[in-house]
Amino acid sequence: MSLEGFQVLISNRDYLFHGLLVTLEVSVLGIALATLIGTVIGILRTYGGPVLAALLSVYVDVFRSIPLLVILVWLFFVPPLLAGVTLSPFPTAVVGLGLHSGAYMAEIVRGGLGSVRAGQTRAALALGMTRWQAIRRIVLPQALIRMLPPIGSLFAVTIKDSALAGVIAVEELLRQSQVLASQTFRPFEIFTVVMIAYFLVIYPVARGVDYIYRRLAALGSS
Amino acid sequence: MSYQFDWSVIPENWELFWEGAQMTVYLTVMTMALALVGGLVLALLRLSPSRPVRDATTAFVELFRATPLLLQLYWFFYVLPATFGVGLSPELSALVGLTLNVSAFNSETFRAGIVSIRSGQVDAGLALGMTRAQVMRRVVLPQAVWRVLPPLASTWVSLFKDTSLVSTIAVADLSYNALLVRTRSYRVLEVLTALALMYLVLAYPQAKLTDWLYRTFRVEE
Numbered sequence: 001m002s003l004e005g006f007q008v009l010i011s012n013r014d015y016l017f018h019g020l021l022v023t024l025e026v027s028v029l030g031i032a033l034a035t036l037i038g039t040v041i042g043i044l045r046t047y048g049g050p051v052l053a054a055l056l057s058v059y060v061d062v063f064r065s066i067p068l069l070v071i072l073v074w075l076f077f078v079p080p081l082l083a084g085v086t087l088s089p090f091p092t093a094v095v096g097l098g099l100h101s102g103a104y105m106a107e108i109v110r111g112g113l114g115s116v117r118a119g120q121t122r123a124a125l126a127l128g129m130t131r132w133q134a135i136r137r138i139v140l141p142q143a144l145i146r147m148l149p150p151i152g153s154l155f156a157v158t159i160k161d162s163a164l165a166g167v168i169a170v171e172e173l174l175r176q177s178q179v180l181a182s183q184t185f186r187p188f189e190i191f192t193v194v195m196i197a198y199f200l201v202i203y204p205v206a207r208g209v210d211y212i213y214r215r216l217a218a219l220g221s222s
Numbered sequence: 001m002s003y004q005f006d007w008s009v010i011p012e013n014w015e016l017f018w019e020g021a022q023m024t025v026y027l028t029v030m031t032m033a034l035a036l037v038g039g040l041v042l043a044l045l046r047l048s049p050s051r052p053v054r055d056a057t058t059a060f061v062e063l064f065r066a067t068p069l070l071l072q073l074y075w076f077f078y079v080l081p082a083t084f085g086v087g088l089s090p091e092l093s094a095l096v097g098l099t100l101n102v103s104a105f106n107s108e109t110f111r112a113g114i115v116s117i118r119s120g121q122v123d124a125g126l127a128l129g130m131t132r133a134q135v136m137r138r139v140v141l142p143q144a145v146w147r148v149l150p151p152l153a154s155t156w157v158s159l160f161k162d163t164s165l166v167s168t169i170a171v172a173d174l175s176y177n178a179l180l181v182r183t184r185s186y187r188v189l190e191v192l193t194a195l196a197l198m199y200l201v202l203a204y205p206q207a208k209l210t211d212w213l214y215r216t217f218r219v220e221e
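Residue numbers (the numbering used here), protein chains in the order written: chain A, 1 to 222; chain B, 1 to 221.
Worth flagging that the hints you see were computed from the coordinates, not collected in a lab. Do not rely on the hints blindly, as some may be mistaken.
Stated by the list, open to error - Pulled from the structure, derived: some chain B residues nowhere near chain A, Cβ distances all over 12 Å:
| no. | residue |
| --- | --- |
| 1 | Tyr26 |
| 2 | Leu40 |
| 3 | Arg46 |
| 4 | Ser89 |
| 5 | Ala127 |
| 6 | Met130 |
| 7 | Met136 |
| 8 | Arg137 |
| 9 | Trp146 |
| 10 | Arg147 |
| 11 | Thr210 |
| 12 | Leu213 |
| 13 | Thr216 |
What the hints assert, rightly or not - Output of the computed footprint for chain A on chain B, the stretches with three or more beta carbons under 8 Å from beta carbons of chain A:
| no. | segment |
| --- | --- |
| 14 | 75 to 87 |
| 15 | 165 to 176 |
| 16 | 191 to 199 |
By construction, the Cβ of each residue, glycine as well, lies at the ideal position given by its N, Cα and C atoms.
Same shape as in the complex, but just chain A (with noise of 0.2 Å):
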């Protein structure tokens, strides 16, 4: 890295880390409305009966068989041609990342809870719980320590789709680093930089969750 390179990056730090900023804002607010449309789509079609599953089901499809550029596009554009509601691009991303990551929360909140065997839940309704308690108190708890793997990778992977924020003038780090590079002529020094901040923060999220989970796993098994 060149002298000159360096001076880049330190007199344009201000301007990456917001981008930076930006960057876990959306990722950690998609994270949690992926969480949240997960864990209901989740449930409903494990408990929700045959109906409501088939409707669910057309959701986590489309989502999952459509690319995030292309949903992110959707819902910047369309929207205000069709009912005259103009979101800003903030929260665009959000809700997009939300609904793309949702798709696969979904699935794997009922895998997770696919895998506690029937056998635990007519304990407990036998005990006396109602189904809900059973779902609440027995398998939930299970399948949430099953799911935490494939859950950590989701988290990853939807950190790493908030770079795609950019294409709609989301100020987040990836175009940060865009208009910066283009501006300076210093591509190098500014996206290896910019790759090296997004491992530091990607990576520990994923062996994070790995961590917990191998402390846990043995409370996940029956």
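Take the given structure of chain A and dock chain B to it, following the hints.
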């Protein structure tokens, strides 16, 4: 407010959509073909007896798995020519970036598949007088192949969708051509909706096939 729909823009530009879709499929097939080889090489390097080789391979794999694909594409597209004087065409940049990224993911899939074969089988092979390479080729890999099929299919579907990112470095894939039609025609709603539906129609059967593979090749020991 009522919007005047005009879907004729889709058939009128059918040629562009069709060519874009071909590029999308081409990139997916080429990338996966190269990344199957790349992933296997990386997986074997990570199981190498030499520690520096293992560590270097691990660093490579983790870097590519823990950074955004879009950034990797930018790196190959913008950094190589500016810093190293190597100017790749947009298509080649896309292919290189996608292949390295998917190779890293495939290597993890292969490694998991290989280590999932119980070590007793390797010991038995060695005890029968096979070399380590023979055990790998004749005992471990034939079994691992079936176990890695479902996660490979998942990666395939992700890859198919991720090829849309190459539109940002001017590769004329389905997304790029659709966005071009949008800009030319101003029929934003129709073009973007048609684009989403085209991806849905193309990717949905792939996603369902993947689900089927998971059900069919579930490991039960």
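Hints and how they fare:
1. With a least CB separation of 16 Å from chain A, B/Tyr26 remains clear of the 12 Å interface cut-off, as annotated.
2. Listed as outside the interface, B/Leu40 is consistent with that label: its C-beta sits roughly 21 Å from the nearest C-beta of chain A, beyond the 12 Å cut-off.
3. With a least CB separation of 17 Å from chain A, B/Arg46 remains clear of the 12 Å interface cut-off, as annotated.
4. Against chain A, the non-interface label of B/Ser89 holds: every CB pair exceeds 12 Å, the least being about 17 Å.
5. Its beta-carbon lying about 32 Å from the closest one in chain A, B/Ala127 satisfies the requirement of being farther than 12 Å from that chain.
6. The claim that B/Met130 lies off the interface holds: its Cβ sits roughly 33 Å from the closest Cβ of chain A, which is beyond the 12 Å cut-off.
7. No beta-carbon of chain A comes within 12 Å of the beta-carbon of B/Met136; the shortest separation is about 26 Å.
8. Distance to chain A confirms B/Arg137 as a non-interface residue, since its nearest Cβ pair spans about 30 Å, more than 12 Å.
9. Interface exclusion of B/Trp146 from chain A stands, the closest Cβ pair being 20 Å apart, more than 12 Å.
10. The Cβ of B/Arg147 lies farther than 12 Å from every Cβ of chain A, with a closest approach of about 16 Å, so its non-interface assignment holds.
11. A beta-carbon of chain A is positioned within 12 Å of the beta-carbon of B/Thr210; the least distance is around 9 Å.
12. No beta-carbon of chain A comes within 12 Å of the beta-carbon of B/Leu213; the shortest separation is about 15 Å.
13. With 12 Å as the threshold on Cβ separation, the claim that B/Thr216 sits away from chain A holds: the shortest Cβ distance comes to roughly 16 Å.
14. For the segment 75 to 87 of chain B, the stated coverage by chain A holds: 5 residues have a C-beta nearer than 8 Å to a C-beta of that chain, and at least 3 were required.
15. As drawn, the segment 165 to 176 of chain B meets chain A at 4 residues by the rule of a beta-carbon pair under 8 Å; at three or more, the given contact holds.
16. For the segment 191 to 199 of chain B, the stated coverage by chain A is satisfied: 5 residues place a CB nearer than 8 Å to a CB of that chain, which reaches the threshold of 3.
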